[in-house]
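Colleague: Those protein sequences? They're chains A and B, same order as listed.
Quick note on numbering that gives the first Met the number 0: the first sequence kicks off at 0 and runs consecutively.
Quick note on numbering that gives the first Met the number 0: the second sequence kicks off at 0 and runs consecutively.
Where hints are given, some of them may not hold.
Stated by the list, open to error - Derived DSSO-like pairs: lysine-lysine, alpha-carbon spacing no greater than 27 Å straight-line:
#1 Lys243/B to Lys121/A
#2 Lys132/A to Lys243/B
#3 Lys132/A to Lys121/A
#4 Lys121/A to Lys221/B
#5 Lys500/A to Lys243/B
#6 Lys242/A to Lys461/B
To be clear, the hints were calculated from the coordinates, so they are not data collected in a lab.
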Amino acid sequence: MSVPLSEHAQQPHRSESDDLSTLASISRLYPYLRPALPRIVLGMFAALLASVVSLTIPMVLQHLVDGTLLHRGGSREAVVFAALAILGLGMAEAILISLRRWFVLQPGTRVEATLRNSLYAKLQNLPVSFHDKWPSGQLLSRAVGDLNLIRRWLSFGLVLFIVNVVTIVVGFGVLFYYHWLLAIVMIVLSIPLWIAGYFFERKYHVVARRSQDQAGDLATAVEESVHGIRVLKAFGRGRYALKGFRAQAEELRGTELEKARAVAGLWLWLLMVPDVAFAVCLALGVWLVAGHQLTVGQLLAFFATATVLRFPIESIGFLLSMTFDTRTAVDRFFEVLSTPNDIDDPEAPEHIDAPRGELMFDDVHFRYEDAPERFPDLVDGITLTLQPGETMALVGLTGSGKSTLTSLVPRLYDVTGGAIKVDGVDIRDLTLDELRTRVAMAFEDATLFSASVRDNVLLGRPDLVGDDPETRAAADAQLAEALEVAQAAFAYDLPEGVDTKVGEEGMSLSGGQRQRLALARAVAAKPSVLVLDDPLSALDVDTEARVTERLKRVLAGTTALVVAHRPSTVMLADRVALLENGRVTDVGGHSELLARNEHYRFVISSLEDEEGGFGYEIEEEVGA
Amino acid sequence: MSTATVTGVAGEERSDLNKDESRAIRRRSMRLLGSLVAPMKRRLIITMAVVVVSTALQVAGPALIGIGIDQGLAALRSHQWAPLGWTAVAYLVTGVAGALSISWYTVSSAQISQAILIELRTRVFLHTQRLSLEFHESYTSGRIISRQTSDLDSIRELLDSGINQLVQGVLYSGFIAIAIFAVDWVSGVVLLCSLVPLYFLIRWFQKRSQTLFRVQRVASAKLIVHFVETMTGIRAVKAFRKEKRNEKEFGDLVEDYRKVNADTIQLFGIFDPGLVMIGNITVAIALLIGGFRVADGALAIGSLLAVLLYARRFFDPMEQMAMFYNSYQSAAAALEKVSGVLEEQPSVPEPATPTRLEGAHGHVRFDEVSFHYKPGRDILPLFDLDVPAGQTIALVGSTGAGKSTLAKLVSRFYDPSAGAITLDDVDLRELSSEDLRRAVVMVTQEAYLFSGSVAENIALGKPEASIDEIRAAAMAVGAHDFIEALPDGYNTDVNKRGGRVSAGQRQLISFARAFLADPAVLILDEATSSLDIPSERLVQQALQTLLADRTAVIIAHRLSTVAIADRVLVMEHGRIVEDGAPAELISGTGRFAQLHAAWRDSLV
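The shape of chain A in the complex, shown without the other chains (with noise of 0.2 Å):
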């Protein structure tokens, strides 16, 4: 037995990205990247000229030794013209480090800022069954931690890499101008470096994606924890959870030195290499002055160059490690973006010019796309057809595919058979605002934004947002009748009234008091199709009585759908579909199917009409 915060949260495994190349990998940024280009690219320039400045400034020391120094009583005018000369290239590349920094600030940021708007874009547009499957903890890292490496690549790493790699080819250029055979040295003895760069990437780049699932999965854990607290207090199973949370996080922390590992295996060829090369090249450097093949201001400026390029030699392991970082980030980023929308506005849309309020179900299948063959559809050919104004109860048992219906019918989810028609247009040849604009939903799961209790109510009308008298006026008398249907009146005792924030991160109601705004939000919304998903389960008996009998009035000329377990809600009903199995069994009125229909007498009737009141013994199950 394995702990409940699972240790293996499983996440959906990408595939076409494995096989991309880095460079391609990254370069799928670009139609991102293109407007930053132009600041990018002066970056660089600017980069570039620095790195060229600093290797310039051995050439002075060189020119200052062998033309004077090494005679003694030289000229003082050349030791101060050179300090000059060293002081005005030092100015230049100051300033131009500023410069580069300059340039690609903006870029890196609003970049970074594009990509994190469109991720949350695509997130939002992607239909609920990739929510099913993709744990939130997973979808923040991605959104959160992946793109700040981005933008860090971007601005700092891309730039760094680029100059660096020709600041190296220059510098080894320059350090030929000083003398063939030390250049030629450096370059021989730099030939490991890049050999263990390559094992670097391969090791480096497993472990880092490795390390980057992990922390999310981690991530998801923490989420999961915090989420499910009063169950995990209830049960005094903090400590169990614990134990569940620890073993990723050592997992994690295994990956992690594993990285540090491949880390240090790159330091170690990175700093000795270079160290043997100059051991190598002031022996033989020293030995070419004596032999007369060279001046000691050549050698000079050849280690004063050679100690410029050290610190770019050194980088590209970092950078090439950020570079992988970031291959993963954008891999992970593209994982997301590239994922199909099969929910989505038709190419060429419908309209419904009258709205009457149709509802027709046309031998609707629906099956989740994982679920295995055996299984048959969880909506297995339901046909039913709801009249404008009319109220349709579904009843069946958990399970028979009432909430699955429901659904389906904003595209939460889209039939895998058959049809679903508003006004007799397919619902898909609706652009989903239309849809969702004829059609609002209050769930069982009342979810509140971190909004004011206006706003929350109001979600489902644009239109009455604004400021001038007129539409706050409309706007107070819509949220009053709704809260009124509701019975929500509540809403006006909290500390600022209807202006009281709620939500994650406002004040904390309770699920009835959830569950009433979430229905007000429905009613406000004033749709033509009403779907409600047993939107009364959490109320008293008293507040269930009046806000039935208001919401009676209101579905009066409103084409409903309402999920019922109860007799009371199956009241609101003009009529009940009887669901078993995903398939309509009966149609009919409330009291016409109690009196026919045996399951249905077993699905609704409440125990006391069996057992004939209350305080007696509850006897043999009946019907089943």
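With the hints as your guide, set chain B onto chain A.
Modeller: Same frame as chain A, but now just chain B:
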């Protein structure tokens, strides 16, 4: 005491802390750091020793080059190879040894930082779990999550690369200063002079960045909260076309975050070139003075070269130190917040010396209990209540009457403001949480499922349960059939927030959980609200046997559940207004009789 205003998580989002408050916060985060590092002292000392040696080895290079040119060249001109040879070998040895030691301490410091990290993760996780519900109701889940994710990430970043940067920075520059003095003290003085502008530059940077990093943290936390809220509420987002408005809201948060990031980077854009500037001016002055002295024959040319090579290197790590300062700042801000959470005391603390209670009978007594969140505004005014072991009581009343509060007191999610609640004559506050939770279990309306299989979720009630016990529990509450019908039966992954399992099924699973836990006192707060009637019938039947020999407190909006109660308490405005057996109350004319009549009418 003025610093009380920043105790715990208070003051977390303020950026106008006064001196005392800042100091108090800094002190508590340093205390936390100290306690994390303490167990690793030995390892840390060894690693630091290696770092010192390795840095010294790295710094030796330019001096050896200077020696090679000055002495090796002169010797070679008189055909003596030995001095040059030895110098080159010395250079080789220092280089290789330096590289080896760096690579060793990279791994070693990673081990230290990972050990610290896992300890900190564990502490925060455990403390979060230990903090009472009162805390969690005011401190949102988004914030507590970002404490444990993004804040710990900042700390990780500091530990991972930051320490190496600091060590390289301080030691490297320090050794170089020593080396320059050793080679030529005049140049050493020049270098020391450069420290003055350097000091002012770093100070300026420090001041500016401190505020900036704080603002950055707040901006990122807001971003995260909004993001998580959208993703967890995606159904409602879609159903009510909130996407466009969300994009705008989120876009604004992204822009805030972007701006503060840009400001931060700009700060570095001034600091960084400033360092280069100071470095280059120092080199120029060293060259000027050194050049004169070489021209005068007062300084060997190799020594001048060594000084120039050193002077340039002296400023290299300054940039890294600035980077260290960067990660230090975010980590410090993160640590301040994390230490704030850790400083929060659970308002329902564990007793220091718990009274043991094994095999509880379930006799619950409220002894002159009252409860309020704010003094003067009693949620539950003073009352007494005695629930004999084995009795099932039902709490009835409208929303806000105080039923859930009473239930939360029994399960010790809260402690009473006055009086005491006892279980088998032991004050709940004297029980260890282990004993308490074994004896008292509460099932709420919100049936949260964790990712993992259905079986794992049920087993939460009794982690050591066998699969047979789990199945038996599921069967007892009537959850077995639907579970068997899931794609992988008991091994079906319930996925994100129970996406594929209906609300009613989730409640059945959480019922099975409670059944498996087998407590002496069971509290059901709206635990059957989402069940369909047949399931509820099954649950009711199961409850008959389940509750037979244990104490139970049932809260249900629907009176059908009350049928199984031995005793009904009707609550109004926090007071118990009626108390009696169900049949007795129905036959009367009180509140319950009215409720019951209304409810009868609502049926068929």
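Colleague: Look at each hint and say if it fits the structure.
Modeller: Do the hints match the structure? See the list:
no. : hint                 : result
1   : Lys243/B to Lys121/A : holds (12 Å)
2   : Lys132/A to Lys243/B : holds (24 Å)
3   : Lys132/A to Lys121/A : holds (15 Å)
4   : Lys121/A to Lys221/B : holds (20 Å)
5   : Lys500/A to Lys243/B : holds (20 Å)
6   : Lys242/A to Lys461/B : holds (14 Å)
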